[in-house]
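Required output: the full structure, derived from the provided sequences and hints.
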Amino acid sequence: MENFEPVIVAFCCHYCAYTAADMAGSQRLTYPANVKIIRVPCSGKVDALHLVKAFEKGADGVYVAGCLEGDCHFKNGNVRAARRVESVRKYLEEIGLEGERLEMVTMSAGMGYRFAQVATEMTEKIRKMGPSPIHLALAGGASEARQAANI
Amino acid sequence: MITAERKPLEELMEYIKPFKRILLVGCNECVTVCAAGGRKEVGLLASGLHMAVLKSGATIEIREHTLERQCDPEYVEELVPMIDGVEAVMSMACGCGVQEIARRFKNKPVFPAVNTKFMGASERQGVWSERCQGCGDCLLGMTGGICPIARCAKQLMNGPCGGSTGGHCEIGDDTDCAWALIWERLKALGQIERYVEITPAKDWRPGGGSGPRKIIREDLAE
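Chains F and C, in that order, are what the protein sequence lines are.
Sequential numbering of the first sequence, starting at 1, is according to the working numbering.
Sequential numbering of the second sequence, starting at 1, is according to the working numbering.
Bear in mind the hints are in silico, worked out from the structure with no lab data behind them.
Please read all numbers here as calculations on a predicted model, not as lab measurements.
Beta carbons: idealized from backbone N, C-alpha and C, even for Gly.
Certain hints may be false.
Each computed DSBU-like pair below joins lysine-lysine, with the alpha-carbon atoms no more than 35 Å apart [said to hold, decoys possible]: (1) F/45 to C/117; (2) C/20 to C/7; (3) F/45 to C/7; (4) F/57 to C/202; (5) C/202 to C/117; (6) C/7 to F/90; (7) C/117 to F/90; (8) F/90 to F/45; (9) F/125 to C/40.
Chain F stretches covered by chain C per the calculated footprint, using a threshold of three residues with CB under 8 Å from any CB of chain C [to be verified]: (10) 43 to 49; (11) 53 to 60; (12) 93 to 101; (13) 124 to 137.
Far from chain F, by Cβ distances over 12 Å, these chain C residues were calculated [what the hints assert, rightly or not]: (14) 54; (15) 63; (16) 72; (17) 96; (18) 102; (19) 198; (20) 214.
Right, here's the structure in full:
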């Protein structure tokens, strides 16, 4: 797994993190290409099902990026998202995946630097954790999936 | 509504271990409202089970379907085209739905995915509490609309026990004393004379004490 490149899905709120990603681009900041961005109208729009399905389809890490506390365009979508992320983390543990593969982060639209930093940190963290057992199983090795299950 | 909670994944994994293709069936009624077994929960559980099985090194195909109502034969009939293609069924409905599927499809193993809890009401978002035990002889008209059968831990019929303190039940501070609630309500309604009336020992036969219950409406039954 030396050449392991994690697949990371980032659900980014249109009003903050998605704009922050744009800002990172304008500022010529680099961040890992492992992060696949999905724009959502609010982090509160991200359902537990979206998060779980991302892992089921082979994502090694997922994060939801919403507005800073108190700054949600829809009042409290980010707070709801954080609670949802917490409950899905517990569900992942029940399934047998590490809850740390899922994160909730907050930032403002002007924080291009923070966007790049979060993307880099998340990629590094997941790279250290190794591939998700589901990713391995889907990649074709039932035996490999078994191996990963014993990690 | 009838409330329910999903069983632990570990228990569900034991049920489905021998099978390679299962049908996971939800219900659009009570279990959807209490977020235990509607379409969304079916999707979440299917994903969770799929991942847990993949992680164990095996494979499984989980088909998903949510019925309008799982306790009515008309709706359960919708499963006919799907049932032959699967080895077992897992139901996310209450116990009534699970049994209706078992009755209709005699040769298919059926497993419950939720624990059916109680007949309750929603206190606030995400919180449900017990309100009715289906005693078959409703006395809410005498008790100001608050049920001492479902909401008093001892099901007392004539006022609170000695464990009632400051409006709370002795089983815990988060449980109201039903009789304290009844007293306050009767006072507010100006009906405290009802509190003084002695209620005789309850006949539990309509509440299931004389075996499984049935309702037959002559004008509707065929």
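**Q.** Pairwise hint evaluation, residue 40 of chain C against residue 125 of chain F, where the allowed Cα distance is 35 Å at most
**A.** Holds. Residue 125 of chain F to residue 40 of chain C sits at ~30 Å (cutoff 35 Å).
Q. If you draw a straight line from the CA of residue 202 of chain C to the CA of residue 117 of chain C, is it 35 Å or shorter?
A. 24 Å, holds
Q. Going straight from one Cα to the other, do residue 90 of chain F and residue 45 of chain F come out at no more than 35 Å?
A. Roughly 20 Å between the alpha carbons, so the hint for residue 90 of chain F and residue 45 of chain F holds.
(Q) Quick check for students: does the CB of residue 102 of chain C sit more than 12 Å from each CB in chain F? (A) Fine: 27 Å to the nearest Cβ keeps residue 102 of chain C off the interface.
(Q) Check the hint pairing residue 7 of chain C with residue 90 of chain F against an upper bound of 35 Å on the C-alpha distance. (A) Cα-Cα ~14 Å, so holds.
Q. Quick one, are residue 57 of chain F and residue 202 of chain C close enough, alpha carbons at most 35 Å?
A. 57 Å, violated
Q | chain C over the region 124 to 137 of chain F, status - at least 3 residues with CB closer than 8 Å | A | holds (count 3)
Q: Go check the region 53 to 60 of chain F versus chain C for me, would you? Three or more residues, Cβ under 8 Å, otherwise it fails.
A: The restraint on the region 53 to 60 of chain F holds, since 3 of its residues have a Cβ under 8 Å from chain C and three suffice.
Q. Per the stated criterion, does the least C-beta distance between residue 214 of chain C and chain F lie above 12 Å, as a non-interface residue requires?
A. Holds, because the least Cβ-Cβ distance between residue 214 of chain C and chain F comes to about 39 Å, which exceeds 12 Å.
Q) Is the Cα-Cα distance between residue 45 of chain F and residue 7 of chain C 35 Å or less? A) The given pair, whose Cα atoms are some 27 Å apart, holds under the 35 Å limit.
Q) For residue 54 of chain C, which was marked as not at the interface, is the minimum beta-carbon distance to chain F over 12 Å? A) The claim breaks: residue 54 of chain C does not keep its Cβ more than 12 Å from every Cβ of chain F (closest is about 4 Å).
Q: For the pair we were handed, residue 20 of chain C and residue 7 of chain C, check the Cα-Cα distance against 35 Å.
A: 20 Å, holds
Violation of the numbered hints given earlier is confined to hints 4, 14; the remaining hints are satisfied by the structure.
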